[in-house]
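I would like the entire structure built from these sequences, with the hints used as guidance.
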Amino acid sequence: MKKLLKSITFSLVLLLTFSSFQLESLAITDVENPNDLIESDSATDVENSSDLVEFAASARSCDGTFYADDSESFVVIQTNKTSVNRTIQFTFKFSTIAYEQYSPKAEVYASALWVNDVHANSPYAKHTDLPNYFYHGSMKAYQVVGQNRYFKKGDVIKSHWRGGNATDSKIHTSVNFECTVG
Amino acid sequence: MYSRLTLRWERDNIIFDSLHEADVWADSIGNEIYSRVYDGYDTLDYKVACALAFRLANMKEFKVFSETTTENRYKVWVVPS
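If you read the protein sequences in the order shown, they are chains A and B. Going by the working numbering, the letters in the first sequence line up with residues -13 to 168, in that order. Going by the working numbering, the letters in the second sequence line up with residues 808 to 888, in that order.
Hints were generated in silico from the structure; no laboratory data involved. The reader is advised that the hints may include incorrect statements.
As the list claims (entries may be wrong) - Computed spacing ranges between beta-carbons, pair by pair:
no.	chain 1	residue 1	chain 2	residue 2	range
1	A	Asn66	B	Leu851	22 to 30 Å
2	A	Leu116	B	Ser835	16 to 24 Å
3	A	Tyr85	B	Glu878	41 to 49 Å
4	A	Pro90	B	Asp824	27 to 35 Å
5	A	Asn162	B	Val831	25 to 33 Å
6	B	Ile822	A	Thr51	29 to 37 Å
To be verified - In silico DSS-like cross-links for lysine-lysine, where the CA-CA straight-line distance does not exceed 27 Å:
no.	chain 1	residue 1	chain 2	residue 2
7	B	Lys882	B	Lys870
8	A	Lys126	B	Lys882
9	B	Lys867	A	Lys112
10	B	Lys870	A	Lys91
11	A	Lys112	B	Lys854
12	A	Lys156	A	Lys144
13	A	Lys139	A	Lys67
14	B	Lys867	B	Lys854
15	A	Lys126	B	Lys854
16	A	Lys126	B	Lys867
17	B	Lys867	A	Lys91
18	A	Lys156	A	Lys79
19	A	Lys112	B	Lys882
20	B	Lys870	A	Lys126
For glycine and all other residues, C-beta sits at the position ideal for the given N, C-alpha and C.
If you want it as structure tokens, here you go:
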């Protein structure tokens, strides 16, 4: 009887040890082989990483300041939400530290506009003024191939703005931004 | 080739006190014409018409036209150059 009990206890201990080892090794496999995760179904969506990146970038609301990579300029965007059709107000500014570079006259224009990935006409023609000028305007409608469209909540706006020295085309700065209309 | 009937017009009756105010207004009208939201502007304010014509003439993309109507309104419009 004693022998029997001993052998049962031993086999139980053996079983428990083995199963815990198996669990542990499974857990380690999960962590150590991230490739397994990538091959799973959920990873198929991740393959389109540009979608994720776009989503992350467009999560930024069209109310705020967007800086140039060189920090020489920025664009301030504000959305007027008092009606269903939104009005987008924009201002392009040179940074104070860059005034000297863009003196005596600067040129600013919006080189491109996309709304929900559809190309629209530029909302801002080339303006020539002092570098400390507030280059500003507003859009209540935008134009896509002969048709006026209006901004709605959830629209994703992408735009490229360029500022330069009016007398030296080599000196320039640009702001590219993407935002979602709130 | 560009009939005035096919042009899209924006019409306003606002009259500004100063040329500066009129010019700021004309700047925003110019942006909307530049983005082809409409082709012409019809105003009671001569200052706006002058400032707008000046701003549009700066844009290489357009030929600019102007007209005074018999009702003393001022029209400025563009066609592609």
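Open item on the list: Could you work out which of the previously given hints the structure breaks and list their numbers from low to high?
Closed with: As far as the earlier hints go, not one is violated by this structure.
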